[in-house]
Every structure is written in structure tokens, then in C-alpha cells.
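A.B. asks: The task is simple: from the sequences and hints, build the whole structure.
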Amino acid sequence: MARHPDNDLVPYLRGELPPAERERVARHLEECPDCKQDTELLRDLLGNLAHAIGQPPAVNWARYRAELSEKLEARRRQIVWWRRPMPVALSASLAGVLLLVAVWGGREMSKSGDPIGPDEVLMGQELGLLQDLRTVERLDLLEDLEVIRNLDGLASERQG
Amino acid sequence: MEPADEALCERVARRDEAAFDLLVSRYQERAYRLAWSILRNAEDARDVSQEAFIRLYEMAGSFRGRSKFSTWFYRILVNQCLDHKRKHKWWKLWVRDDDEDRAETLLDRQPAPVNDPVDKLSREETLKALGSAVDRLAPRQRAAVLLRVQEDMATYDIARVLKCSEATVRVHLHRALATLKKTVEKR
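First to last, the protein sequences are chains A and B.
Numbered by my numbering, the letters in the first sequence go through residues 1 to 160 in order.
Numbered by my numbering, the letters in the second sequence go through residues 161 to 347 in order.
Since the hints were made in silico from the structure, they are not lab data.
If a hint is listed, it holds; no wrong ones were tucked in.
Distance condition first, Cα-Cα at most 35 Å in a straight line; then the derived DSBU-like pairs of lysine-lysine:
| id | chain 1 | residue 1 | chain 2 | residue 2 |
| --- | --- | --- | --- | --- |
| 1 | B | K288 | A | K36 |
| 2 | B | K228 | B | K341 |
| 3 | B | K245 | B | K341 |
| 4 | B | K341 | A | K36 |
| 5 | A | K36 | B | K342 |
| 6 | B | K245 | B | K323 |
| 7 | A | K36 | B | K323 |
| 8 | B | K247 | B | K323 |
| 9 | B | K228 | B | K288 |
| 10 | B | K342 | B | K323 |
| 11 | B | K323 | A | K71 |
| 12 | B | K228 | A | K71 |
| 13 | A | K71 | B | K247 |
| 14 | A | K71 | B | K245 |
C.D. replies: Next up, the structure:
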């Protein structure tokens, strides 16, 4: 015997099954007394359930509709408030605060030391100096003209 | 001729208040009844069904007409009910209403009447026990049973409301009714 069509019994009772499935279930019920009894019990049960569930307490529908209108209006106000045009005074205040932050922020940055300007970076890239940190660290020596004039002498003293 | 629900919903999307009022009139009783059947509390049922109508108003533009309006609206409503139950689940752990359980226990403890009661009394007891048993079903099983029994919905539509397959709906119904059957057989 084919497997019991437990999940199909309710749609079968409602006449929802496609013809082939309905035929399959009907044949099974003829052959399986347990499923046939189950189907009858289900039919009774479904009939009783509508009464068993009962009816809800009565509602004052005028009040229900009034409450619904109030809640809907409150929801509309909730959505719309942030879309309203901002008052001019508030806009001006906000703009002022933003400007202050920008200026203050810029000053704080400049206090942190001389930033490397773009010229220095370009020069370093051209000369390949940035690859030699020790050279870069001593670039200020180029400003000492005495050192420059005596470079050859300094080099030979070292070797000697 | 009265406009169809789907046409009214399109008008609600264009903020036609009269169309919204008409839809609410058509569905308010069913929405309240279904919410009450799931939640078993009149105040919650009122609040949740009203919230479902507000969602309908907000989301009318997203209704594409791929399903019936009733299916689409019941999905909103059932989701609201299930969300409400989830939110209040922790609270109910502490404030569980045991009245129903207690009542059934008391009933079970009553000595069997000497004279067998008339069929009507026995049927009333059976129905009461069945109603209690429905309340104890898992939320989605209960929703499937209620949509079938109260709203006379087809399996296909129940599947659309619960956002699952038809096979899953059949399983929900089978398990729910198997549980309910045991309640009846115990009597």
C-alpha cells in the first residue's frame, strides 16, 4: 500500500486537490480503513472547530474607527516632521557651528608642525632622496656653505 | 457597482481617503475576529488590527495585484499578530494566564455524573476543550487552522499569507489537527 496521505486529507476534504491527486487519495481511502476513519474524524473536527474557536467580544465600531483615525494621523505627523523646512534661525545656527568646527579644526592641524609641502615631496621623488632616509635627514647640511666648500677635504680626512 | 478591493487599494496608494474608509469598513470585522482568534485578547486584537490597517495605508503602493487583496492584507495582519506574540512572549512567561489550563484540570477532576448528560452538554465540553487546545497550538499552526476554519481560505492562499509553500501549510494543518484530534479522543 502506498504511504498514508496524511498531509493531503484536509485539502482532499475541501476539494482542493488536482484530479490526479484526488484520485490517488480516494483510492487509498478505499483500501486503508485507518485513513478512512481519520478522514471522517477530520471532517467532524473541522466542523466543530468553527464553533470551538468562538466569537470575539463585541466592539464599538464607531470608537474603533475614531481610534484608527487618531493613530493614522499620529503616524503621519511622525513621518512628516523631519521633512519640514528647517527654521531660518536654526539653519543659520547650524551653519555657524559647522564653520567654527572647520576653522578650529584647521588651526589644530597647523599647530602639529610644519607639514611637508607638495614641493618637497616632488623634489624628493625626482632626486630619489626619499629612498635614503639618512640622506634626507641631513639635507639641512646643504644650507651650511662652509661644509659644502670643504666637502672634498672632509671626505679625504675621513678616509685618512 | 461596488469597486473591487484591488481597485480600492490602488486608490489608497494615491491617498484617496474615501477608498481607505471603504476598505476598512469591509475588513474591520474580519480583521478584528482573526486577530482575536490568534491573540485571544480583545484589547490586543483591536490594537493589532488597527496597526494592520495603518500598514495597509502606508504600503498600499507596494500591492502589485499578483495575489488577491485579501491574501495580501491577511499577510500583513497575521504578521502583526505573530510579531505581537513574539514581543510579548517573555512577558507572558511571568504573567501567564493559567486560567484555561486550570479550568481543564478542574473539569478533568470532576467526578463522572451519575446520569450521562445530554449530548448538548457533552458537546459543549468537547468544544470548550477544543477551543483551549487551539489556543495552545504553535502560532503558525494556529494561524493556519484559523485561516482555514474561520476565513475558509484555500491552502494556496494560506501559503501566501504565511509566506511558505503549500506543502508546509499541509504539514501545519496535519500536525495541528492531529493534536486537536487527541483532545477529542481523550474525552
